[in-house]
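Novice: Sequence:
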Amino acid sequence: MITQLTIRGLAIIEELHIDFSPRLNVITGETGAGKSILIKALHLLLGAKADADVIRNGFDKAYVSARFLLPRTHPAVEFLDENGLWHDNHDLTEIILRREINNKNRSQAWMNDQAITQSTLRELAQNLIDIYGQHENHRMLDPATHIDYIDQFLDKPQLRQTVIQLMGQALALYQDIRKQLEQFLTRRREQDYLQFRFQELEDFEPSVENYLDITRICGEAQQFMQEQKVLQQLQVILDESYNGKSISAAVRDVLRLSDSSKLIKSNPELMAVLDQLRGVGGTFDEFSYHLGRIVDDQDLSEEDLETYESRLADYQKLFRKLGVRSIEEMMAEYERLDKELSSVRVAPDALADKIRALLQQLQETDKVGRQLSAARQKAADQARKKIEGELHDLNMSGAKINFDFQAVKQTIPDLDLLDFDDETKKNWACCLDILSENSRLGREKGQFLLAANPGEGFRPLAKVASGGEISRIMLGFKKILSAGANTCVMVFDEIDTGISGHTADIVGSKLKGLADSFQVICISHLAQVAAYGDAHFKVEKMQKKGSTESH
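Take the sequence shown: its letters are residues 1 to 551, numbered as in my numbering.
A portion of the hints provided could be inaccurate.
As the list claims (entries may be wrong) - Capping the alpha-carbon separation at 25 Å, the derived lysine to any residue pairs in SDA-like fashion look like this:
#, residue 1, residue 2
1, Lys49, Glu549
2, Lys40, Ala11
3, Lys378, Thr497
4, Lys61, Asp81
5, Lys463, Gln382
6, Lys544, Lys229
7, Lys339, Gln180
8, Lys229, Leu305
9, Lys544, Glu30
10, Lys265, Ile247
11, Lys386, Gln152
12, Lys544, Gly32
13, Lys40, Val539
14, Lys156, Glu437
15, Lys49, Arg106
16, Lys386, Glu494
17, Lys354, Glu437
18, Lys317, Ile217
19, Lys104, Ile55
20, Lys545, Ile12
21, Lys385, Ser343
22, Lys49, Lys156
23, Lys354, Ser343
24, Lys538, Ile18
25, Lys367, Glu423
26, Lys538, Thr497
27, Lys541, Ile131
28, Lys400, Leu305
Derived by calculation from the structure, the hints in this document are not laboratory data.
With these hints in hand, go ahead and build the complete structure from the sequences.
Specialist: Written as structure tokens, this is what we have:
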């Protein structure tokens, strides 16, 4: 139970402390006095989203705090143990929740002065407070929510969770298959074009190494050709400039003729020069030899250069055609095309395996869904009897309620499986059949029907139920479903909307009965309800120093 609620700087509340009774607490006051702010404060403790708009003018933050006393065995205490959050170990465990929202839209929460996340606060608080407000009247009028109410009467509630889990897994696999099928069909339509582009690259045989070599050779080609001409001219001079003979041959002839001349031999200066000349012939031969080796090593001809330049031009042409700027991008595109074509080839087999797995998953889901359908029929019968009993107690003695089950029927878009074998086509058709008959919540939907008075036929709640009748139906649900509930505080925000007189007295009595098992907080406009309160709080709005405050 909540022993104390403290609010500071929230909306029109400056500061407020409430010490609640452990049984039925009734809160009354004029419309707009601030009763709903108390519900807002409790929602903040439940982890609801909030922004700076909730902060009272003149304050830099809004603050809500509540003290709870819980039995040591309460699920909320177990949650604290599981999450390593400190608490005392007395028979009655005290939990203090705090929440702050500052003017920068930042929110903080604490449990027993330990900082906790908003999600942790939500998980903890869902075991502490159950708030039923007027919005649930509108929810009760929405047939899409009615199956949820029936499922609260299931003997085996785990069936619903199993169906939700299995169907969630099946739908995830189905979406994955659809995505891959669509990709496969797209690739199949583009297969000829992809094959043409891939074949063009495969025939060209590009590689990073080849491109870099070609680029280097072509970049150096002009300079190399000029160098090659110089070397060739040197070789001609060295080997052919002496009447078609080499320079070294000319030197040998000079030496031979000089050796036969007595005049030269008698001239010391000439003999000194001849001595120097005797080693020059060999030097010319050695220079010519090494020069020839260099020329022989440089074997790139003009024809070779044209071949290289032509291949480089082909690389550039492919760059433009593929929309790439580098050889690395070209090789990546080459690899991508290969993978795309490979995926087209292997996709049917891989998808066939997935479709087979999906069928097995859906068959298991459908099997559990049929068990859930049978359990829902039984639950609906139990709910009908119990709710009618509560309605009779709530001054609707002639009312009857029923639940109209409707089989799920939805259209699942098909896809082209022309490239697949007959077994896969059959499996896919079975998958679509099961999906068309199952939703995330099972094989059926439905809605409550009401015959408010004897002799009237059953009609949807939204068409026949008044606001007061809807309030009583919801109270009946809460009364029935409260047995064995884990919550410790039940909050009713204007549950008595649309009723008065003797019916209001009965509603007050029902709330009093709930307070035998739970702490109940009820916002009411009716004296008949307030009269049953163990504690009665009046909310007033007043002017103070030019501002409005709620007390």
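Novice: Look at each hint and say if it fits the structure.
Specialist: Cross-check of the supplied hints:
1. Lys49 <-> Glu549: holds (24 Å)
2. Lys40 <-> Ala11: OK: Lys40 and Ala11 at ~10 Å, within 25 Å.
3. Lys378 <-> Thr497: violated (32 Å)
4. Lys61 <-> Asp81: violated (31 Å)
5. Lys463 <-> Gln382: It holds: about 24 Å lies between the C-alpha atoms, which stays within 25 Å.
6. Lys544 <-> Lys229: violated (106 Å)
7. Lys339 <-> Gln180: This hinted pair holds, its Cα atoms lying about 14 Å apart.
8. Lys229 <-> Leu305: Answer holds: Lys229 to Leu305 is near 15 Å, not above 25 Å.
9. Lys544 <-> Glu30: Roughly 18 Å between the alpha carbons, so the hint for Lys544 and Glu30 holds.
10. Lys265 <-> Ile247: Answer holds: Lys265 to Ile247 is near 23 Å, not above 25 Å.
11. Lys386 <-> Gln152: It holds: about 13 Å lies between the C-alpha atoms, which stays within 25 Å.
12. Lys544 <-> Gly32: Answer holds: Lys544 to Gly32 is near 16 Å, not above 25 Å.
13. Lys40 <-> Val539: Satisfied, since the Cα-Cα distance of roughly 15 Å is no more than 25 Å.
14. Lys156 <-> Glu437: Given that 25 Å is the threshold and the Cα spacing comes to 22 Å, the pair holds.
15. Lys49 <-> Arg106: Given pair Lys49, Arg106 holds - Cα atoms ~10 Å apart, limit 25 Å.
16. Lys386 <-> Glu494: Holds. Lys386 to Glu494 sits at ~23 Å (cutoff 25 Å).
17. Lys354 <-> Glu437: holds (21 Å)
18. Lys317 <-> Ile217: holds (19 Å)
19. Lys104 <-> Ile55: This hinted pair holds, its Cα atoms lying about 11 Å apart.
20. Lys545 <-> Ile12: Cα-Cα ~13 Å, so holds.
21. Lys385 <-> Ser343: violated (59 Å)
22. Lys49 <-> Lys156: violated (33 Å)
23. Lys354 <-> Ser343: holds (15 Å)
24. Lys538 <-> Ile18: It holds: about 11 Å lies between the C-alpha atoms, which stays within 25 Å.
25. Lys367 <-> Glu423: holds (22 Å)
26. Lys538 <-> Thr497: holds (18 Å)
27. Lys541 <-> Ile131: holds (24 Å)
28. Lys400 <-> Leu305: violated (99 Å)
When held up to the earlier numbered hints, the structure conflicts with 3, 4, 6, 21, 22 and 28 and fits the remainder.
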